Each structure stands twice: as C-alpha cells, then as structure tokens.
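Asker: Residue strings, one per chain:
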Amino acid sequence: MMSERYLNAGVLIALLIVPIWAHLADAPYTITLATRVAILALAAVGLNIALGLGGLVSLGHAVFFGIGGYAMGVLAHHAQTYTALDLGIFTVDGTKSMPIIWLVAVGTSAVAAVIIGALSLRTSGVYFIMITLAFGQMFYYFAISWSTYGGEDGLSIYLRNDFPGLNTLIPIQFFAICFAVLSLVLLLQAGVSRSAFGLALNAARQAPTRVEAVGLNPKRLQFVAFILSATITGLAGALFADLNRFVSPSMFSWQFSGEIMVFVILGGVGRLCGPVVGAAVFVLLEHVLGGLTEFWHIYLGLILLIIVQFARGGIVGLLATDRGQHG
Amino acid sequence: MTLLSVANLNASYGVSQALFGVDLEIAEGEVLALLGRNGMGKSTTVKCICRMMPSEGEMSFSGKDLSALPSHQAARLGIGLVPEGRRCFRDLTVYENLIAAARHGAWTLDRVVSLFPRLGERQKQFARSLSGGEQQMLAIGRALMTNPHLLVLDEATEGLAPIIRQEIWAAIRTLKSETSMSILIIDKSMKELRGIADRAVILERGKSVWHGNMADLDPETCERFIGV
Chain A
0 MMSERYLNAG
10 VLIALLIVPI
20 WAHLADAPYT
30 ITLATRVAIL
40 ALAAVGLNIA
50 LGLGGLVSLG
60 HAVFFGIGGY
70 AMGVLAHHAQ
80 TYTALDLGIF
90 TVDGTKSMPI
100 IWLVAVGTSA
110 VAAVIIGALS
120 LRTSGVYFIM
130 ITLAFGQMFY
140 YFAISWSTYG
150 GEDGLSIYLR
160 NDFPGLNTLI
170 PIQFFAICFA
180 VLSLVLLLQA
190 GVSRSAFGLA
200 LNAARQAPTR
210 VEAVGLNPKR
220 LQFVAFILSA
230 TITGLAGALF
240 ADLNRFVSPS
250 MFSWQFSGEI
260 MVFVILGGVG
270 RLCGPVVGAA
280 VFVLLEHVLG
290 GLTEFWHIYL
300 GLILLIIVQF
310 ARGGIVGLLA
320 TDRGQHG
Chain B
0 MTLLSVANLN
10 ASYGVSQALF
20 GVDLEIAEGE
30 VLALLGRNGM
40 GKSTTVKCIC
50 RMMPSEGEMS
60 FSGKDLSALP
70 SHQAARLGIG
80 LVPEGRRCFR
90 DLTVYENLIA
100 AARHGAWTLD
110 RVVSLFPRLG
120 ERQKQFARSL
130 SGGEQQMLAI
140 GRALMTNPHL
150 LVLDEATEGL
160 APIIRQEIWA
170 AIRTLKSETS
180 MSILIIDKSM
190 KELRGIADRA
200 VILERGKSVW
210 HGNMADLDPE
220 TCERFIGV
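Residue numbers (numbering that gives the first Met the number 0), protein chains in the order written: chain A, 0 to 326; chain B, 0 to 227.
Please note that the accuracy of each hint is not assured.
Listed below are several chain A residues computed to face chain B (Cβ distance under 7 angstroms; list not exhaustive) [unchecked claim]:
{"id": "1", "residue": "A195"}
{"id": "2", "residue": "L198"}
{"id": "3", "residue": "A199"}
{"id": "4", "residue": "A202"}
{"id": "5", "residue": "Q205"}
{"id": "6", "residue": "R209"}
{"id": "7", "residue": "E211"}
{"id": "8", "residue": "A212"}
{"id": "9", "residue": "V213"}
{"id": "10", "residue": "G214"}
{"id": "11", "residue": "L215"}
{"id": "12", "residue": "N216"}
Note that these hints are calculated values from the structure, not bench results. These numbers come from a predicted model, not from an experiment. Backbone N, C-alpha and C fix where the C-beta goes; we use that ideal spot for every residue, glycine too.
Here chain A stands alone, though its shape is the one from the complex (with noise of 0.2 angstroms):
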C-alpha cells in the first residue's frame, strides 16, 4: 500500500518510459500501444469528472468523442480534398493543424453537451441513463447516413495532422502530444477537485438536498461538471481520430460509452489516475489476451466482476492508502 499521490506519480512514469524504452529498442507498435493507452485514458479522465466527480453515470459519452475525432476528420477531409468545408451561411476551409481541431473539438463537444446536459439533467438515475444512451444512439446513426463523411465506412486520412515543430507521423513525438495532453489533463482535474466548485459538486454527489440548503444549485454544479467532462472525451476523440488517421460511427458507438466507463470502473471511480490505469489495463489485455483468443472479453468481464464485488475503489484503490472520492 502507498500514497495515492506516489502510486499516481508511479502510473504516469511508467507510461512514459515504456515508449521512450520502446523508441530506443526500436518497437514503434509498443509506442502506439502507449499512444492508445494516453488517448483512451484522456477519454475516461473526461467521463471520471462526470461519473467520479460528479456521479452522473453517463452511457452517452462516446457521442463527444466522436464528435471530436469528426471534428479532426472533417477538418481534415477538406484539407487534403482542398474543398472547402460550406456551412449553410459560410465556408470554411479544412486545416490540417492540430492544435486549431483542438479548439474545433472541444468548442463542437461544449456545444453538444450544453444541449444534451440541459436536457439530460432535467432527469436523474436510470433515466438519466437511458437518455445519455439515447442521444449517443441518435448521433452513431447520424453519422451512419451521413454520406458526404463516408457514411457506415467512416473516412479515411491519409496523413496525421501537423503540430508546430513536431514530426506527429514519428510515433514517440505523437505519442509526447498524447502524454503532454494526458498529464495537463490531469492537473486540471487535480485542481478541479480541489477547488470550491470541485468540493460543491463532491458534496451535491454525496447530498444534494444539503448541497441545496447551503445555496449552491446541484444540478447547475453537475451541468457544468457535464459540459468539462465532454470536453476533455471531446479532445480525446481528435488525439484517437489521428492516432488512426481515421473516424467511423463506430466512435458514436454506445459500446464505447461502456469501454470508457469500464476503464473508470477498472482504476477506480473518482481516482485521479484511476482512468490511466484502467485504460492501461484494457489495451494490456486486448493484446496480450486478445492474441491468445477473439474472446478475451470474458477474462475482462471476470476481472471487473472482481473489482466491482471486492473492490469499489478500483485497482488504485486496491493499492493506494488514501481516500477516493468514493470513500
């Protein structure tokens, strides 16, 4: 047992330095194992302000990152189709820089969340459930009859966008994008969590009726908490989007909103790192087990069995002294 501060310290190291061994033994597929580990732990560390923070169990938040990794490909698409992207009342031409889908990506996954937040949130529990599942299905099926995208085949990018003096098609410079992102990621949590807006929204969690006799408004708390988490899936969605170099309705899919959710689950609901190691986990086993056998799911649902009877806090709170948000 250690300090959840040291144990965090120790998750991230280690997903660096297996790259940068990797880059030095020359195994680039190891750097896009640990490429694929950050960006989907991005994703998770987005729904953990949601679920963890928050205690909005979302199944719908697939729908922001694949908004994000659109973002990146239709910006992309008419980059390299030099077409111009029409908008109804103006156009706009694609780009091929990461940092503009960035903002492209988050800006497009705020959006959506404010209208599916305002609307979500008028619920709670199991239909707060349903309909965050239900709008992530609107949106895979938009994107299926969405044609001039690549419709059900999704739409393919010939090269990873640029990033200023760096070379993103060198898989350990794309791979420091990816971590850089993560580990600024994580620091905004850390400081979310910490801060007065952080410890209303841990409290309305806890008790919001209580929450509410102190004047603050649980469910503006959670809106908001909402809108941040989407954000975070959202920019992860533009980091897969590239990792891939392509975007399919397949992000859309409500299975993903489940893996995301597995990966908080797996690490530990609330945990700071708790997404990192999750998402480690997972990519672990889809390779070591998944070269073994196509169903090496039921040794991924075995593990989470075991978590969610044994231990609440996740494999983080397994090892770790400290508290987790979840007691």
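Based on these hints, arrange chain B on the given structure of chain A.
Answerer: Frame of chain A; chain B shown alone:
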C-alpha cells in the same frame, strides 16, 4: 425591522396536512425560539422557510417573496440552515466541508475556527470520523461560512453529551452578543433558551398558538404546550 415574515403557512406530507396556518416574524438581530412538543410542526416550518418542501401561505425574507424560490436561492438570500441530525458531507474533510459552500462576508475560516477551536484541530479529518458534537459544530460552522443573515438551528444540541452541549450553547451566546445575526432556534432546553431567546412562538398541532417575549412565557403555558 422585520427580517423574516411568515403568515398563514400551510404544508402537507402527501394527504396529511402538517401545518395549519403558522404565523411568525423575526426582526433583524433577534433570537426567536420555536417551541412545541414533538410532531407539532417545528421542523416542518423550518423546512418550508428554507423552501425544502412545498407550502402555501405568505413568506418574505428581507422584503423578498420566499414562497416561489427554490431551496438554494432561499439560502443565497441569507438563510443558513443547521439541519436536524447534523448532516455534514461525510466524505469531505472538515476544511472541505467549510469551504465548499463559503460565501464572502464577515464569517471566514479563521473566525469559525476561533468559535469552534475543535474544528481547527481536526481540519484534515473526514467529517464521518468526527464525534456527534464535533459534527454539530461543523454543521454550524458550515452554515456560518455562507454568511447568513438568519441562522436556523434545528435541534442543534439534541443527543449530545452535556459538556458538548455547553460548548454549543456558549457559541450561540457568542453569536448573539457579538454579531447582528438573527437566529431561529428549535430546542428542548428551556433553561438555555430563556437565557438566549428574545421572543418565542409555540406551535400546537401545526398552528402557532402563542407569541410573545421569552420573559413572558409562564410555567403554566410551558406545561400546557411544551410539557415542561
């Protein structure tokens, strides 16, 4: 000047009516005791004032109509509730409980800690690990950190050890003597209330049946309506 005015307040739990026209007023800086036997509607009245349950009747606070406001907006107007049963945020530390809902004003963390030194010693402890008395102090401190104009104490000393009760009564006396805060207090300890409250309202079967100065509350009235 009247801070809180409640007139003809009615409230129900489903089909069973609990309040049948409660009237009360609290002036600025005044301490009002809300008295009555168990089940007479004291806590229900407090819940209605804090907008935690629907009610009918007229309620105004600082001249603003309370009756249409949601609970959090009533609190933001300046009503600080210390609910029955303490009800701290169990999974937050003492420090986090205090700053989670803090609003700018005269009451700061240092001032709350000077009122309740025990809280200062236990700032890093989780609320769930505190004793009942310390949790009560934390609940009062948390309400004070919202810088209310009216502090509502619902059975703040119930079920506590005598020495802790004395600490809490001493804090309430300090609040009365050193601040201009109005206090609405529900408690069974008539001896302490006589030393603190300026006026009293007695509830009987969901209706206010006696209003007056605390000094005018005679033993016969106490025996008849409060049972002490």
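Asker: Each of the hints needs a verdict: does it hold here or not?
Answerer: Evaluation of the provided hints:
The closest approach between the C-beta of A195(A) and any C-beta of chain B is roughly 6 angstroms, which is under the 7 angstroms cut-off, so the hint is satisfied. For L198(A), the interface hint holds, since its Cβ comes within 7 angstroms of a Cβ in chain B; the closest pair sits about 4 angstroms apart. Taking 7 angstroms as the C-beta contact cut-off toward chain B, the hint placing A199(A) at the interface holds, the least distance being around 5 angstroms. Taken as an interface hint, A202(A) checks out: its beta carbon lies about 4 angstroms from the nearest beta carbon of chain B, inside 7 angstroms.
A least Cβ separation of about 5 angstroms between Q205(A) and chain B falls short of the 7 angstroms threshold, and the interface hint therefore holds. The criterion of a C-beta within 7 angstroms of any C-beta in chain B is met by R209(A), whose closest approach is roughly 5 angstroms, and the hint holds. The beta carbon of E211(A) is positioned within 7 angstroms of a beta carbon in chain B (closest approach about 4 angstroms), and the interface hint is therefore held. Restraint check, A212(A) versus chain B: the minimum CB separation of about 5 angstroms is within 7 angstroms; hint holds.
With a cut of 7 angstroms, the hint placing V213(A) at the interface with chain B holds, because the nearest CB-to-CB distance is about 4 angstroms. The beta carbon of G214(A) comes within 3 angstroms of a beta carbon in chain B, closer than 7 angstroms, and the hint placing it at the interface holds. With its C-beta approaching chain B no nearer than about 6 angstroms, L215(A) sits inside the 7 angstroms limit, and its interface hint holds. Interface hint status for N216(A): upheld, as the beta-carbon distance to the closest one in chain B is roughly 5 angstroms, under 7 angstroms.
Of the numbered hints stated above, none is contradicted by the structure.
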